[in-house]
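Asks: Protein chains in written order, with the working numbering: chain W, 1 to 215; chain Z, 1001 to 1270.
Everything labelled a hint here was simulated from the structure, so no lab data went into it. Only a predicted model underlies this, so the values are computations on that prediction, with no experimental measurement involved. Built from N, CA and C at the ideal position, the CB exists for glycine as well. Check before you lean on any hint, since a few could be wrong.
[What the hints assert, rightly or not] Calculated cross-link-like contacts (lysine to any residue; reagent style SDA-like; alpha-carbon spacing at most 25 Å):
{"no.": "1", "chain 1": "Z", "residue 1": "K1058", "chain 2": "W", "residue 2": "E199"}
{"no.": "2", "chain 1": "W", "residue 1": "K144", "chain 2": "Z", "residue 2": "S1161"}
{"no.": "3", "chain 1": "W", "residue 1": "K55", "chain 2": "W", "residue 2": "L168"}
{"no.": "4", "chain 1": "Z", "residue 1": "K1082", "chain 2": "W", "residue 2": "L137"}
{"no.": "5", "chain 1": "W", "residue 1": "K95", "chain 2": "W", "residue 2": "I80"}
{"no.": "6", "chain 1": "W", "residue 1": "K55", "chain 2": "Z", "residue 2": "G1238"}
{"no.": "7", "chain 1": "W", "residue 1": "K55", "chain 2": "Z", "residue 2": "R1223"}
{"no.": "8", "chain 1": "W", "residue 1": "K144", "chain 2": "Z", "residue 2": "G1167"}
{"no.": "9", "chain 1": "W", "residue 1": "K95", "chain 2": "W", "residue 2": "Y77"}
{"no.": "10", "chain 1": "Z", "residue 1": "K1038", "chain 2": "W", "residue 2": "E199"}
{"no.": "11", "chain 1": "W", "residue 1": "K55", "chain 2": "Z", "residue 2": "G1167"}
{"no.": "12", "chain 1": "W", "residue 1": "K95", "chain 2": "W", "residue 2": "V136"}
{"no.": "13", "chain 1": "W", "residue 1": "K55", "chain 2": "Z", "residue 2": "K1038"}
{"no.": "14", "chain 1": "W", "residue 1": "K55", "chain 2": "Z", "residue 2": "G1056"}
{"no.": "15", "chain 1": "W", "residue 1": "K144", "chain 2": "Z", "residue 2": "Y1186"}
{"no.": "16", "chain 1": "W", "residue 1": "K55", "chain 2": "Z", "residue 2": "E1015"}
{"no.": "17", "chain 1": "Z", "residue 1": "K1038", "chain 2": "W", "residue 2": "Y77"}
{"no.": "18", "chain 1": "W", "residue 1": "K95", "chain 2": "Z", "residue 2": "E1015"}
[To be verified] Now the in silico label distances, taken between C-beta atoms and shown as ranges:
{"no.": "19", "chain 1": "W", "residue 1": "H179", "chain 2": "Z", "residue 2": "E1261", "range": "41 to 47 Å"}
{"no.": "20", "chain 1": "W", "residue 1": "A111", "chain 2": "Z", "residue 2": "L1044", "range": "33 to 39 Å"}
{"no.": "21", "chain 1": "W", "residue 1": "W94", "chain 2": "Z", "residue 2": "W1084", "range": "39 to 45 Å"}
{"no.": "22", "chain 1": "W", "residue 1": "K95", "chain 2": "Z", "residue 2": "G1046", "range": "35 to 41 Å"}
{"no.": "23", "chain 1": "Z", "residue 1": "E1261", "chain 2": "W", "residue 2": "A46", "range": "28 to 34 Å"}
{"no.": "24", "chain 1": "Z", "residue 1": "L1044", "chain 2": "W", "residue 2": "W94", "range": "40 to 46 Å"}
{"no.": "25", "chain 1": "W", "residue 1": "K109", "chain 2": "Z", "residue 2": "T1075", "range": "57 to 63 Å"}
{"no.": "26", "chain 1": "W", "residue 1": "G31", "chain 2": "Z", "residue 2": "W1084", "range": "22 to 28 Å"}
[What the hints assert, rightly or not] Partial chain W-side listing against chain Z, Cβ under 7 Å, derived:
{"no.": "27", "residue": "K109"}
{"no.": "28", "residue": "A111"}
{"no.": "29", "residue": "P113"}
{"no.": "30", "residue": "Q114"}
{"no.": "31", "residue": "T126"}
{"no.": "32", "residue": "A149"}
{"no.": "33", "residue": "W192"}
{"no.": "34", "residue": "V195"}
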Amino acid sequence: MHWINFPLLTVMIWSGLLIYWAYDPYRIGWGSWTLVAFFPDAFYEALGLTRQLAKGMAYHYFFGVLFTLNGVFYILYTAISGEWRHLVPDRRDWKESFQVVLHDLRLRKEAPPQGRYNAAQKISYTGVIVMGIGSVLTGLAIYKPTQLALLTTLFGGYQSARTIHFILTVLYVLFFVVHIAQVARAGWSNFWSMVMGYERLPAEEATANTDTTDS
Amino acid sequence: MSDGKDKRQPETDAERAERLRAQAMTAPTISEDEFKTKSRRSFLVGGAAALAGVVGWKWIDMQPKVDRIPALLRTNHEVAEKVWRGLYRPGAMAPTFPISASGMPRANGRHGLREEIDLDAWSMQILNHTGQEIGRMDMDAIRALPKVEMTTELKCIEGWSQIVHWGGARFSDVAAMYPEASQREYVGLATPDGEYTVGMDMDSMMHAQTLLAYEMQGEPLQRWHGAPLRLVTPLKYGVKHIKRIGTVQFMDTRPEDYWAERGYDWYIGH
């Protein structure tokens, strides 16, 4: 379920860009001064994203259903298996997540205590799920703004829901960049643990350990 | 908390650190040898899954096109339509806004408007499901119906939107004049020259905010906004707001629709 997100989000972002091309007002700037425009024409041209609004909508709606189902199954799995205990942050994790960041940046010697995931991981992994829920809900608010008018109003109206939907997408991309950087930093062995769902132990320790773990 | 500690006693930092350490120890671990076997298996499973993804993607892409999009995606639009028609609540109103928030939208799309027409000679032809003319209404007849004003958000399929103040007659009042003929599932609308067409489901047409509009921002409709009469419904994107209506037909089959034939969802909106 974790890995499916990569192709699903790739398709969602690609088809989202096909839709966004038709009306692309977002930018970071002040007044008439623009720092970053989303996006320059050359960006769409280079990636072949122009003049395909209908196609974009068709793909976005289909893969949006798959993305939602995958998210629902993931949340159900995490809730039922009890894995959520390792992932949902508690009150102290908020403070400790800063310590983790400082530690990762080599500005702090000792890492705060951690379970299977550290405080920063817990907050970002739980946060990305909340973002996913946000994307689905803002998506629905844009998709059915009359039948789901309450939801659309909750997000501040139609254009506001679109803006939030877009910002969340930018945040996914940032999350992805940091996520990949962290996995690369953690090394190959950790990557294989991600793939397989097991941690590797040196042979002698593992024998000792299998007796005590009940998973 | 999860391991049944007394909830009245707040956990100390040391206790929490100990609990987290214990949690970390429960991670499923395996030996180096087993890891090698399992990693080979994972590699194969991962490779197969990636391949399946690529094949699935190509399969969608290579499907025969139905109105310019792959058949599967067209079916997806139609399944979504069934679901949302099932969930449709006629009482659900699109949000309305103060007139002060409204303004002129840009005039998008000139299909069906290029010919000059004599507005005084204009009338809207009404057809039954067999295509037989059952009536005509000129502007006097439309204006004789109760006038409704509403300020709603016009949403273009491109993504922009504009709050607009509209004035016109409810389509449901026109349908009420043809109680027999209007007992159909769809309404097809077309410009006088037939170039632009819109297909609508009857539920959306009978909605209280679906108007045959002749005023925009308190002024008579301008040519490129669809004079003398256009459809307005906040339930649907702007593409369904046909301008310069020439014919209205009550139908049993899904009416043709200019943009649906060019890759868009036929139902689109709500």
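Asks: Determine for every hint whether it applies to the structure shown.
Replies: Verification of the hints:
A hinted pair counts as satisfied when its Cα atoms are at most 25 Å apart, and K1058/Z with E199/W does not qualify at roughly 35 Å. For the given pair, K144/W sits about 14 Å from S1161/Z by alpha-carbon distance, which is consistent with the 25 Å threshold. Between K55/W and L168/W the CA atoms are separated by roughly 22 Å; this keeps the pair inside 25 Å, and the hint holds. Proposed proximity of K1082/Z and L137/W is supported: the alpha carbons are some 20 Å apart, at most 25 Å.
For the suggested pair K95/W and I80/W, the alpha carbons sit about 28 Å apart, so the restraint of at most 25 Å is broken. Of the pairs offered as hints, the one joining K55/W and G1238/Z holds, with about 18 Å between alpha carbons and a cut-off of 25 Å not exceeded. Restraint check for K55/W and R1223/Z: the C-alpha separation of about 31 Å exceeds 25 Å, so the hint is violated. As the CA atoms of K144/W and G1167/Z are separated by approximately 24 Å, the hinted pair is consistent with the 25 Å bound.
Using a Cα cut-off of 25 Å, the hinted pair K95/W and Y77/W is violated, with the two alpha carbons roughly 28 Å apart. Under the criterion of a C-alpha separation no larger than 25 Å, the hint pairing K1038/Z with E199/W is consistent with the structure, at around 11 Å. Distance hint between K55/W and G1167/Z is unfulfilled; the C-alpha atoms sit about 34 Å from each other, more than 25 Å. Annotation: proposed proximity of K95/W to V136/W is violated, straight-line Cα distance about 29 Å (limit 25 Å).
The straight-line distance between the Cα atoms of K55/W and K1038/Z is roughly 41 Å, outside the 25 Å bound, and the hint therefore fails. Proposed proximity of K55/W and G1056/Z is supported: the alpha carbons are some 17 Å apart, at most 25 Å. Proximity of K144/W to Y1186/Z is assessed by CA-CA distance (about 20 Å); at most 25 Å being required, the pair is judged to hold. A distance of roughly 56 Å separates the Cα atoms of K55/W and E1015/Z; the hinted pair therefore is violated under the 25 Å criterion.
Between K1038/Z and Y77/W the alpha-carbon distance is near 22 Å, which keeps this suggested pair within the 25 Å criterion. At most 25 Å may separate the alpha-carbon atoms for a hinted pair to count; K95/W and E1015/Z meet this at roughly 17 Å. For H179/W and E1261/Z, the Cβ-Cβ distance of about 43 Å falls inside the hinted range of 41 to 47 Å, so the restraint holds. Distance hint check: the CB atoms of A111/W and L1044/Z are about 35 Å apart, consistent with the given range 33 to 39 Å.
Taking 39 to 45 Å as the suggested C-beta distance range, the pair W94/W and W1084/Z conforms, at roughly 40 Å. The hinted range of 35 to 41 Å is satisfied by K95/W and G1046/Z, whose Cβ atoms lie roughly 37 Å apart. Taken as a hint, the range 28 to 34 Å holds for the pair E1261/Z and A46/W, whose Cβ atoms sit roughly 30 Å apart. At roughly 41 Å, the beta-carbon separation of L1044/Z and W94/W lies within the given 40 to 46 Å, and the hint holds.
Separated by about 59 Å at the C-beta atoms, K109/W and T1075/Z satisfy the suggested range of 57 to 63 Å. In this structure the supplied range 22 to 28 Å is violated for G31/W paired with W1084/Z, their Cβ-Cβ distance being about 41 Å. With its C-beta approaching chain Z no nearer than about 16 Å, K109/W sits outside the 7 Å limit, and its interface hint is violated. With its C-beta approaching chain Z no nearer than about 11 Å, A111/W sits outside the 7 Å limit, and its interface hint is violated.
Proximity of P113/W to chain Z holds as hinted, the smallest CB-CB distance being about 4 Å (cut-off 7 Å). Satisfaction of the interface hint for Q114/W is found here, the shortest Cβ-Cβ separation to chain Z being roughly 6 Å, below the 7 Å cut-off. About 16 Å separates the beta-carbon of T126/W from the nearest beta-carbon of chain Z, more than 7 Å, and the hint is not met. With its C-beta approaching chain Z no nearer than about 5 Å, A149/W sits inside the 7 Å limit, and its interface hint holds.
Given the 7 Å rule on beta carbons, the hint for W192/W holds: about 5 Å separates it from the nearest Cβ of chain Z. Here the hint on V195/W is kept, as its CB sits about 5 Å from the closest CB of chain Z, short of 7 Å.
Comparing the model with each numbered hint stated earlier shows that hints 1, 5, 7, 9, 11, 12, 13, 16, 26, 27, 28, 31 do not hold.
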